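K.L.:
Heads up: the protein sequence lines correspond to chains S and Z, in order. Quick note: the first sequence, position 33, residue 33 per the numbering used here, numbers continuous. Quick note: the second sequence, position 243, residue 243 per the numbering used here, numbers continuous.
Note that these hints are calculated values from the structure, not bench results. Being a predicted model, the structure only gives us computed values, none of them experimental. One thing to keep in mind: the hints can contain errors.
[What the hints assert, rightly or not] Here are the in silico distance ranges between beta carbons for each label pair: (1) 140/Z <-> 115/S: 50 to 58 Å; (2) 143/Z <-> 115/S: 30 to 38 Å; (3) 119/S <-> 25/Z: 42 to 50 Å; (4) 143/Z <-> 213/S: 49 to 57 Å; (5) 31/Z <-> 90/S: 47 to 55 Å; (6) 160/S <-> 316/Z: 50 to 58 Å; (7) 120/S <-> 319/Z: 56 to 64 Å; (8) 319/Z <-> 168/S: 26 to 34 Å; (9) 167/S <-> 205/Z: 58 to 66 Å; (10) 285/Z <-> 213/S: 25 to 33 Å; (11) 85/S <-> 285/Z: 20 to 28 Å; (12) 294/Z <-> 119/S: 19 to 27 Å.
For glycine and all other residues, C-beta sits at the position ideal for the given N, C-alpha and C.
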Amino acid sequence: MYHPGVIGVLFDGLAYGSLLFLVSLGLSVQMGLMNFVNLAHGAFAMAGGYVCALAATRLGVPFLAALPLAFLAASLAGALLERLLYRRLYGASALDQVLFSIGLTLMSIAAATRLFGASQQPVRLPELLRGQLHFAGADFGIYRMFLIAVVAALTAALALLVGRTRFGAQLRAAVDDARVARGMGIDVDRVFTLAFALGSGLAGLGGALGIEVLGLDPTFPLKYMVYFLLVVVVGGAGTLAGPLVAAAILGVCDVAAKYYLPQLGAFAIYAVMVALLIAFPAGILGRRA
Amino acid sequence: MSRAPALPSGRWHAAEAIPWLLAIACFFLFPGYRVLASHVFIAALFALSLDLVLGYAGILTLGHAAFFGLGAYTAGLLAAHGWGEPFSGLALAAAVAALGGLAVSFLVVRGTDLARLMVTLGVGLLLYEAANRAAWLTGGVDGLSGVAMGKLFGVFPFDLFGNAAYAYTLAVLFALFVFTRRVAASPFGLSLRAIRENRARMPALGAPVERRLVAAFTLGAAIAGVAGALLAQTTQFVGLDTLAFHRSADVLVMLVLGGAGRLYGALVGTAVFMVAQDRLAGIDPVYWQFWLGLLLVAIVFVARGGILGAADALRRRLRR
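Work the whole structure out from these sequences, hints included.
P.N.:
See below:
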């Protein structure tokens, strides 16, 4: 069997983890800060993936140009659903939120199956992003390097957005105490809609970038739901670094388990999951008790 | 959560005979559907066990199928290895599922809703993968076959038409329903409801919150195990889907469709869900999934409290 070596496993794991991080970021804000248990987050990632795949195969849009489309479509869907449905359940019981978001997930799966069929969607990467670089005794896929670079750049941009801009200050104020923020004249509803749209858009971008790595078929939202949830729960609420660390750990563990313990399959990652949940009930870098 | 009614007296109302008489009548009215009906009874028992955990104790779980599957595999393995007597199989399955529930409950009782959801989801997936990988024991994806059941009371064999299965599952459902109803009306059941409504205040009343929740979760797991064992025994087969996530999700839907925290909701919701599934999924499984999703969204936005909750609201309005 092809074996990438320790460095290769670490590298693949980090690329995988950066994808998980990108998709889970919006979920981290929704669950950790807006207190919404959104099991349908993967559906937005899937929507972005389908927009990218179909734009490429049916309209002939090049892959790199289809990525912003995926972001836009998913964030639009997010904004729309937030205004129409999600908003009414802020502050509802976790059970209601779970039921609602499972319902949404099932509908998205059924709709995707009906519209695009149950098979995997193919993706054509541009020449530039294919192939491998070889150095330090290991192979590094160019596409995976591209993934890590994109996610690193986006993370830096987001840190600036949340930490340094007016919108970031409004968002932090709104999630800290919505009532006081309203009293200070901040349009909390708008801020929440924008945050939700941004998170959904990032998920959509992650779904599009991930076609090559995670695959894309209608069961995507359920198949990866646990991974996204896990990044959020293990990462803890309120920081960018928590989910980043959690996603990296999960990515590396998952890839390492696939290479070194293939006979265990998904069992390994679920065992890691339960162990992490027991060891860090408030998340690795969690602020909450 | 639905409004809790006044203190339950535990006394039976005449109307409570209706679902059981209906269940007996269906045996004669729809002889072609006896197998489906036995599956409805099993699912109803499973939903009932979830009602104890979610509806009464307020523990949000997305992995209840773990205990259903534990019970199913226990009963199936016993019968496949020569222990075909049904009732002792049920008891052992309940014991194994209860042990599993007890172990998980310590992880579940302390956390927030989100932590509970993740732990139960994680344990469910873990067991599914374990059963999938341990093919030498469970048969893996092919399922556990060779389950050879003995006769009921040594007299009635499990037949293809589901006659024995019908009577057997209905009788077990009824017995455990009476038991659950008794538990729900007991001081223990009342304390569970109080914990659900206001967890912070209960220690002030001297109630050991965590121990009560552990007991409720363990009991729920045991009953779920019995439901799983019934499925294994009556179909004489155990598939991986007894542990699958969709089973946990489906039972949640059945319960909230009927109305959580009121016992009969589990029966009504299951019957409606299973019959609708039988009709609609036969036409087109993709459509069924879509309507199921829409139904969930609709329950949250328009019909909180499910069918029985809506019926209660209607009755109150008529009385005014």
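K.L.:
Indicate, hint by hint, whether the structure satisfies it.
P.N.:
Structure-based check of all given hints:
no.	hint	verdict
1	140/Z <-> 115/S: 50 to 58 Å	33 Å, violated
2	143/Z <-> 115/S: 30 to 38 Å	33 Å, holds
3	119/S <-> 25/Z: 42 to 50 Å	47 Å, holds
4	143/Z <-> 213/S: 49 to 57 Å	32 Å, violated
5	31/Z <-> 90/S: 47 to 55 Å	51 Å, holds
6	160/S <-> 316/Z: 50 to 58 Å	55 Å, holds
7	120/S <-> 319/Z: 56 to 64 Å	57 Å, holds
8	319/Z <-> 168/S: 26 to 34 Å	54 Å, violated
9	167/S <-> 205/Z: 58 to 66 Å	47 Å, violated
10	285/Z <-> 213/S: 25 to 33 Å	29 Å, holds
11	85/S <-> 285/Z: 20 to 28 Å	25 Å, holds
12	294/Z <-> 119/S: 19 to 27 Å	25 Å, holds
The structure does not agree with the numbered hints 1, 4, 8, 9 stated previously, though it agrees with the rest.
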